[in-house]
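Taking the hints into account, I'd like the entire structure generated from these sequences.
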Amino acid sequence: MTKYLRAYSISLQETLQRRTTLMMDRVGGFAIVLSLFSFWNALLGDKSSFLGYSRQEMLTYVLLINVLRALVFTGRGWQLVGEISSGRISSYLVRPIDYYGYALALDLAQKTVHVVFAFLEVAILAVFIRGALFIPTRWETWLMFVLAAGLSSLIFFFMEFMISSLAFWTSESGGPLFCFELFLSFAAGAFFPLDVLPEALRRALSATPFPYMVYFPARVFLEKVSPTEAAKLIAIESCWLVVFIAAALSVWHVGVNSYAAEGG
Amino acid sequence: MRGTIAKYSRIWLRTASMGMQAQLTYRLGSFGFLLGKMIRLLFFFAFVIAIFNHVEAVAGYNLVETALFFLTYNLVDMLAQIFFRGVYGARRTVTEGDFDFYLVQPCSPLFRMVCSTVDFLDIITLLPVLVMIGMTFARLPAYPWTAYAAYVFLIVNSVGLIFAIHVWAAGLTVRTQELENAIWIFRDVMFMGKFPVDIYSSSVRAALTFLVPIAVMTSFPAKALLGLLTPSWMAYAVVLSVSATVASTYWWRSCVAHYTSSSS
Amino acid sequence: MTIALETKGLTKDYRSPVKEPGLWGGVKALFDRQFKDTRAVDAVSFKIEEGELVGFLGANGAGKTTTLKMLSGLLTPTSGEATALGHVPWKREAAFQKKISLVMGQRTQLWWEIPALETFKLNQAIYGIPEAEFKMHLTELVDLLELGDHLQVPVKKLSLGQRMRAEMAAALLHRPKLLLLDEPTIGLDVVMQKKVREFVKAYNVRNGATIMLTSHNMTDVVELCKRVIVIERGRLLYDGSLDRLVERYADHKIFKVRFSKPISAADLGQFGTVVNVADMTAEIEVPRAEVAAAAAAILRTYPVKDFNIEDVDIDDIVRRLFTHS
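Residue numbers (our numbering), protein chains in the order written: chain A, 1 to 264; chain X, 265 to 528; chain H, 529 to 853.
Just so you know, not all the hints are guaranteed correct.
[What the hints assert, rightly or not] Straight-line distance between alpha carbons at most 25 angstroms, and here's what the computed DSS-like set of lysine-lysine pairs gives: (1) X:271 to H:663; (2) X:271 to H:626; (3) X:271 to H:627; (4) H:705 to X:271; (5) H:685 to H:723; (6) X:271 to H:729; (7) H:649 to H:705; (8) H:626 to H:663; (9) H:729 to H:705.
Think of the hints as simulated: they come from the structure by calculation, not from any bench.
All figures in this text were calculated on a predicted structure; none of them were measured in a lab.
Right, dumping it as structure tokens:
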């Protein structure tokens, strides 16, 4: 356990050290939130609600996107692709650590830094709109939000890892990964609430794990889901997590074996 | 002069064809990137259309006008991607030593760094955008030919402005051998150009017009077509573009003079 | 004879930011950047005549590559002058660039995923080589470098030796009059090294091209260069014939002695520097002036079975040159 804590703390320092990369990520994310925020603000104009979201709720949704992006969409897929295709992965495989645990520790460090920054940015925007935000008062809501968001963060980690593991077989796994991440941003509701989509499409998406990434936790936060419904959905989300852990680990093992068989 | 143009077009076509050949060896990867870009385009377009199922106007623009802004953003962005793609790999070009070869060969290193990495897939993604712009034109009322001329002219002007920004970023990479991030920050901030600049608050709008002139690149052409841009603003756009280009080439020259090549 | 290359007090400093470690150091560097100048090349002056093939020697980081990069126009010197084929290299005039080439053993200008011939055609466009001339030069290079069908195969599928020869061909399509070679044989096996060397020699003789080459491989230098320039920590240490270099620095000979009973190393120390001693054999470096006396003394004092006096290896001389200073 200590070695993973060690990895976490080193990665935390490194994330802070690499200022330009950090700043780039944050500025980029902030630009997206600022434009979505302004867009909804302009769209709502003097209307009181849109698609069942009050002005307050819609703007809160956009700010939640920023926090959830920081928490959920920071995986280590691209690093894994790089490490596999350059062969650096071998140096991990011979060491007495579990690569998954190690990568998760690094990712958590990244998430810590990004979430802190995301909250700061949201706070700045909140000041500008003079607190016209929806803040839940029930502690159960907060608990379930944290639970739902935490689960989605893990699902994303394993899902991304599974796709990145394609790098064991092809040097071109960057393409599918890029495609997956773009698709996911939309299907997860990281640009707009899925209520915008036509009914049929929305129903199809709800059978996939994607809406759990952003849309679901955000709706829990906005108390748009009844507590019993939320509990049920969190249960389903946990099942998805189990499915993806199993899938990712088995792909990983097959991949490592075929990698070792070819001699790297 | 004619000879120079002929020579540079030959080099451009040559590298373009080589780029395509190289890309064809990465079919899966290229396909993933192509699909990802298409998904992004279609999802956003679907989003804009879905929104207008529920509202009449956003910031005073109707569906077709909003679509025009969005598609103009895509057009400008893709043109930059096609012609100035090399900047996104500038760090690699410098650290792997390719830039050393650019400097000893009788061809402008700026040209080779910025313009001579062409991605044919981007040209493919440009087609649907052009078709959609045509469809938007058909749905808009007929404007005098000067409006269309101003649209095309300002698009060319935007590409000039984007060129300047790319040259500036390329120079930074040559000088510091890092900071390729600069251009990625720009890409992310460019996101704000997806919507008409009028949705933003006055201070953000001022920043997007004078500080980080994204509005000039994306909103100005569409506004000119809709007859909403005064001649003095057009003049501002041209002056900005020309002075930025001149300044960035000076910057580039100074960066090349300070080039340190990589170690060894 | 005309001068192909001339430098006067050529100097290059590299400026690098100095950063204190830790988070606070990083924050400080954000506002108050400190720089440190390192002198990579220090007032180097030499002249090379047209058609000469000169070896450029020095330890790692001595400034060889930096000098070559300035001579090819890649880097602008901090101070000093240089003329190459009548041009100031770092002005990067097209007329100059069409007459030179820089080959770096660790770098490649060939596109990785596609056949080398494609890069050749790109160079044809860049250097503006007419089609007929291009074909002629290409045939000649393919022939001399034994490239055969290798040019039709994606570069990533070539062996290192094949790739290096294709690299050479790409650099020479425009028939440069000045060729700067940085470690052209690095990583190649002995047979390939020999091929590359023979080619360099042939190119020099056929085209009367001026060639400057750096190499860690002494065989390259011995077989190709009559003249060598040695630099150490950016300073010019030696400029002259290879033979004289050997004479000047080989100030000792090596005794290889086999005794009929074990001898202690301490005893042998009086004759020179003991390099190597096993129980019955010893290797001693003896200053030139004392060779005769030392040999006589050893033969007189010890039970010697076999006795050899050898010249110092050139590789050794150069190594000594670098560790000396």
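Against the structure, the hints:
no., hint, verdict
1, X:271 to H:663, "holds (19 angstroms)"
2, X:271 to H:626, "holds (14 angstroms)"
3, X:271 to H:627, "holds (18 angstroms)"
4, H:705 to X:271, "holds (23 angstroms)"
5, H:685 to H:723, "holds (20 angstroms)"
6, X:271 to H:729, "violated (33 angstroms)"
7, H:649 to H:705, "holds (20 angstroms)"
8, H:626 to H:663, "holds (17 angstroms)"
9, H:729 to H:705, "holds (14 angstroms)"
Against the hints set out earlier in the document, a violation occurs for number 6 only.
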